[in-house]
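Sequences and hints are given; from them, build the entire structure.
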Amino acid sequence: MGNGKGKQPLKNKKDNSSPILNKDSKSNLKWDPLRNIADDPDEVLRKTDERLDNLEKEYFNDEKDKSDNIGNIFGLHGLTRRDFIKWTSLVTSALMLPYIFKPRVARAANILTRTPFIWLEMSDCMGNTEAFLRTAHPTPAEIILSYVSVNYMESIMAPAGYQAEARMVETVKKYKGKYILVVEGAIPMGLDGKYLTIGAKGKSGLKITQEVSKNAGVIIAAGNCASYGGIPAANPNPTSAVGLSSVTDRKVINIPACPVNAVNLVGTLIEYVLIGKPPQLDSIGRPLWAYSERLHDTCYRRAHFEAGEYVKNWGDDGAKKQYCLYMMGCKGPFTWNNCTVVEYNQDLSFPMRAGHGCIGCSQPKFWDRMTPFEEPNESAKITLPMVEATADEFGAALFGAAGAGIAAHAIYTGVKKKREKKKISKNEKNNSEKDKSKDDKK
Amino acid sequence: MSRKIIVDPITRIEGHLRIEAILNGSGNEITEAYSSSTLFRGIELILNGRAPEDAGLFAQRICGVCTYSHYEAATWAVENALGIHPPKNARIARNILKGTQMVQDHLIHFYQLAGLDWVDIVSALSANPKKTMDLAYAYTKTPYNASLARFEEVKTRLNAFVKSGQLGPFAGGYWGNPSYKLPPEGNLLIASHYLDNLNILRIPAQIIAILGSKDPHPQTCVVGGISSIADMINPHRMDDILFRMNKITDFVNNAYIPDLLTAAQFYKDEALQGIGGGLKNYLSYGAFPQTDDENPEHDYLARGVIFDRDIGNVMDLDEKKITEFVTHSWYKYPNEKTGLNPSVGVTAPNYTGLNKNGSLKEDEKYSWVKSPRYENRAVEVGPLARTLIAYAKGNEKIKTLVDYVLKTSGLPVTALFSTLGRTAARGIEAKYLADALEPWTIELMKNVAIDQSSWTNYDMPSKEIIGIGLDEAPRGALGHWVRIKNKRITHYQIVVPTTWNASPRDGFNNPGAYEASLVGVKLANASEPLEILRTVHSFDPCLACAVHIIDPKTDEVKKFKIC
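Chains G and H are the protein sequences, given in the same order. Converting from the first sequence to the numbering used here requires adding 4 to each position, the first position being numbered 1. Converting from the second sequence to the numbering used here requires adding 2 to each position, the first position being numbered 1.
Hints listed in this document are in silico derivations from the structure and should not be mistaken for laboratory results. Where a beta carbon is used, it is the ideal one built from N, C-alpha and C, also for glycine. A couple of the hints might just be wrong.
What the hints assert, rightly or not - Chain G regions said to be covered by chain H (calculated; three or more residues, Cβ under 8 Å):
{"id": "1", "region": "94-105"}
{"id": "2", "region": "196-207"}
{"id": "3", "region": "226-239"}
{"id": "4", "region": "347-354"}
Said to hold, decoys possible - Which residues of chain G face chain H? A few of them, derived with a C-beta cut under 7 Å, are:
{"id": "5", "residue": "Asn76"}
{"id": "6", "residue": "Leu80"}
{"id": "7", "residue": "Ser127"}
{"id": "8", "residue": "Glu158"}
{"id": "9", "residue": "Met161"}
{"id": "10", "residue": "Ala162"}
{"id": "11", "residue": "Ala168"}
{"id": "12", "residue": "Arg171"}
{"id": "13", "residue": "Pro263"}
{"id": "14", "residue": "Tyr304"}
{"id": "15", "residue": "Trp318"}
{"id": "16", "residue": "Gly319"}
{"id": "17", "residue": "Gly322"}
{"id": "18", "residue": "Gln326"}
{"id": "19", "residue": "Ala358"}
Encoded structure:
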């Protein structure tokens with residue numbers, strides 16, 4: 005959304021159904037991040053090392069400073085070097101980088117702790133900040149990001165007022181073109197941006213974002229609000245809120261979800277440090293490494309969908325057996341993200357695991373397009389245009405042509421069979437479209 | 003001549019807040035203060051025309067900090083309109099979710115958000131680790147992560163940061179300000195727990211994830227019950243919750259409460275002078291229903307109203323006495339001198355801007371927050387209000403805890419009416435709630451063994467129904483008012499804790515809780531607003547919650563169309 009290069013991945017995908025598969029038969033590399041650097045694997049490593057060497061020279065005083073840094077940070081928080089090594093493994097694999105990159109990820113993390121970092125809060129709920137402060141998956145992420153390199157982050161910084169503003173001005177000036185900018189929250193455009201003002205001069209959030217974006221090294225929109233406008237932009241959009249990419253000409257990396265999954269944000273930052281440019285993005289600005297899988301395809305309840313076994317009421321027998329939540333309005337079939345794989349809060353859960361359907365929070369406009377969240381998708385008139393749709397095609401096609409879509413999908417599943425078998429109950433459901441109550445479904 | 007100082011942004015809070023304070027001519031004492039919220043989002047308006055079942059998921063996004071509170075209050079409001087109650091399992095599970103969240107919120111507040119107002123990080127560098135050990139053992143026999151090696155490590159590592167010039171969020175703080183009263187050892191002790199708390203915080207979040215799917219923004223509290231029954235009937239998952247609760251109570255008992263007592267010891271004078279006391283009226287809606295009919299009489303956190311600090315007389319709450327004023331808020335009313343009950347609340351944005359020099363027009367409208375009042379009086383809500391009401395109602399556990407804290411720090415009950423008292427009340431409440439989590443979980447496990455219902459069936463009628471969800475969020479009284487017709491929301495109004503506390507002046511020119519509490523606060527250094535932050539932070543501001551709008555019929559707003 006918003007960035008001009010958006011069409012590129014769509015074209016590529018016509019040739020190849022999976023965006024992460026390598027398109028060049030000459031090479032054995034199966035990962036895409038590296039293609040962003042060079043085609044030849046040796047060249048990739050040489051370039052990465054060169055970049056890391058330069059950054060280390062820039063941000064560390066000497067060898068000792070460099071080697072003690074992570075130890076200092078982790079010791080302070082009661083973590084060991086072992087924790088750090090475990091964490092680098094996780095990030096390396098999440099980024100689909102080969103094992104040889106593990107020490108390089110570690111170096112990148114070390115550099116990240118010194119890379120100046122500004123976190124702006126716009127029209128937000130602070131949920132994305134909280135996702136770092138307390139969910140912290142994996143723990144080192146929050147430490148590296150929130151507690152070391154952050155130069156301006158209203159939620160945690162010690163100074164306020166003039167002293168806080170001064171920190172931002174100083175960072176923007178001193179680290180022109182180098183600092184990382186993360187924006188949380190939508191940008192209200194109404195009232196000339198005055199629905200949000202920050203600072204003693206009452207500067208609008210819009211103006212601040214534009215100014216700080218101009219000289220940032222990389223710009224990241226954390227969460228759905230910053231990516232696509234999120235809830236402030238939901239109908240009737242009282243403050244004319246928009247996503248970050250609508251107010252800046254610079255390329256914006258969108259890391260949507262509500263709130264953002266820390267793994268995806270940190271992974272993207274590490275990749276930026278490694279290669280010096282944004283990762284490959286899909287047509288709506290999301291890194292492919294995290295957003296190329298449809299939740300419906302990676303969900304552990306998928307087998308029940310195929311078998312036609314559904315939860316039909318909260319707390320029914322199917323709910324206890326963890327059947328598919330499609331009939332309870334799960335938006336997994338329309339949502340691209342990696343929740344089912346990386347999960348939340350240290351691999352503990354995600355919505356479907358806790359018995360509630362997905363609400364599609366990593367898709368643009370989900371507050372309008374995916375609602376009512378808890379109604380069966382058919383009666384909510386949310387349908388799937390084609391089974392094989394990828395994120396890009398889907399984004400264009402969805403909700404344009406409401407109607408028969410789901411039938412195509414259902415041929416492959418138990419849905420249709422089930423429906424024919426239970427024609428009576430289907431009729432009931434049709435009636436309940438007009439007069440919906442959970443009773444009718446029973 | 004008096005001088006005016008502006009503090010914007012107020013950092014270490016949720017949302018966007020500005021404070022303007024007038025200092026008296028000779029000294030640095032605040033004579034008047036004005037509180038302004040500088041962000042408007044309009045979530046209630048967005049709720050119009052939506053399915054009532056979605057209300058919780060929308061309202062939850064009001065705030066990513068007390069994220070579960072709005073979810074529950076919205077769900078309660080819809081359930082209230084339908085006249086249903088969730089089954090016992092769901093009621094207990096919700097209490098566990100919210101209790102855990104409240105403890106977590108209080109922890110993050112004491113250390114990460116407010117901690118730096120009391121603790122001088124730079125002073126910690128000159129602490130003697132041995133003496134720090136003595137301090138660590140002063141109020142507990144088993145202090146959390148306290149050892150000579152640990153304190154030495156924290157000191158050395160912090161030193162390394164200062165040397166490398168990488169202070170991160172600590173840079174630019176008001177270090178060395180004379181209003182910091184802790185000795186270096188006290189600073190080191192609490193700074194060390196500040197760091198430990200970063201690891202602790204993810205534990206309550208994990209509990210919320212198990213029953214609620216993720217944190218922030220859990221996704222299991224459905225109208226009529228809760229969706230995570232598969233986890234509740236799985237002993238493995240419940241054990242995962244139980245052992246995490248032990249870690250939380252350990253930290254509360256051996257870090258939070260002792261640190262609070264340490265701070266009280268050195269900031270005692272402030273409390274005795276009543277600095278930051280502010281308003282004299284307190285209100286709580288009550289929360290954590292203990293009976294299946296959800297009768298607020300038996301709530302774990304008590305309901306009631308206190309006027310004029312008369313803790314001998316707790317009045318019953320009558321929600322009809324709540325009105326909201328917009329006299330000094332950026333909204334229009336037909337008659338701006340009177341307030342309206344939220345059930346008939348009107349909101350039409352009317353932004354009149356700032357003065358040319360960027361300061362607030364304090365005689366006119368100056369905030370996006372409305373001014374809720376009870377019987378036309380400004381009241382304080384939050385942990386202090388709740389603790390006072392429970393104390394006055396004779397709640398044994400609260401009484402024991404309050405008396406222990408007061409006795410240990412040698413303070414009278416009246417010391418509670420202060421910035422320190424407010425901070426202490428939050429700690430007391432954290433312990434009161436943390437202690438309840440395990441018994442609730444065991445009760446849930448026992449009940450699930452005989453009864454596995456987790457959802458109450460209901461019929462959403464087409465006729466108009468009205469519901470109210472009165473709840474307590476970490477920061478205080480939270481109310482959701484909903485009207486539903488033809489199975490869609492037609493009117494939604496939210497009055498959140500920070501609206502009460504951060505409100506601007508009302509139609510009678512009564513200041514809100516922040517504004518009142520700042521009067522009399524003295525600044526050691528007028529260019530460093532440390533004391534302002536300390537008092538405002540003691541309320542734990544949450545401005546994203548506070549700003550809202552509702553009125554489907556204003557001109558500015560297009561009719562909502564259901565997709």
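Structure-based check of each hint:
With 0 residues having a Cβ less than 8 Å from any Cβ of chain H, the region 94-105 of chain G misses the three-residue criterion, and the hint is violated. Evaluation of the coverage hint for the region 196-207 of chain G: fulfilled, as 9 residues show C-beta separations to chain H shorter than 8 Å, against a requirement of three. With 5 residues having a Cβ less than 8 Å from any Cβ of chain H, the region 226-239 of chain G passes the three-residue criterion, so the hint holds. Beta-carbon proximity to chain H at under 8 Å applies to 6 residues in the region 347-354 of chain G; the threshold of 3 is reached and the given coverage holds.
Given the 7 Å rule on beta carbons, the hint for G/Asn76 holds: about 5 Å separates it from the nearest Cβ of chain H. A least Cβ separation of about 4 Å between G/Leu80 and chain H falls short of the 7 Å threshold, and the interface hint therefore holds. Because the closest C-beta pair between G/Ser127 and chain H is about 5 Å apart, less than 7 Å, the hint holds. The closest approach between the C-beta of G/Glu158 and any C-beta of chain H is roughly 5 Å, which is under the 7 Å cut-off, so the hint is satisfied.
Annotation: G/Met161 was flagged as interfacial toward chain H, and the flag holds, the nearest CB pair being 4 Å apart, inside 7 Å. Evaluation of the G/Ala162 hint against chain H yields a held restraint, the C-beta minimum of about 3 Å falling below 7 Å. Proximity of G/Ala168 to chain H holds as hinted, the smallest CB-CB distance being about 5 Å (cut-off 7 Å). With 7 Å as the threshold, the beta carbon of G/Arg171 comes within range of chain H, its nearest partner Cβ sitting at about 5 Å, so the hint holds.
The closest approach between the C-beta of G/Pro263 and any C-beta of chain H is roughly 5 Å, which is under the 7 Å cut-off, so the hint is satisfied. For the restraint placing G/Tyr304 at the interface with chain H, the shortest Cβ-Cβ distance is roughly 12 Å, beyond the 7 Å limit, so the hint is violated. With a cut of 7 Å, the hint placing G/Trp318 at the interface with chain H holds, because the nearest CB-to-CB distance is about 4 Å. The beta carbon of G/Gly319 is positioned within 7 Å of a beta carbon in chain H (closest approach about 4 Å), and the interface hint is therefore held.
Checking G/Gly322 against chain H: minimum C-beta separation of about 10 Å lies over 7 Å; hint violated. The restraint placing G/Gln326 at the interface with chain H holds, with a minimum CB-CB distance near 5 Å, inside the 7 Å limit. A least Cβ separation of about 3 Å between G/Ala358 and chain H falls short of the 7 Å threshold, and the interface hint therefore holds.
Checked against the numbered hints listed earlier, the structure breaks hints 1, 14 and 17; every other hint is satisfied.
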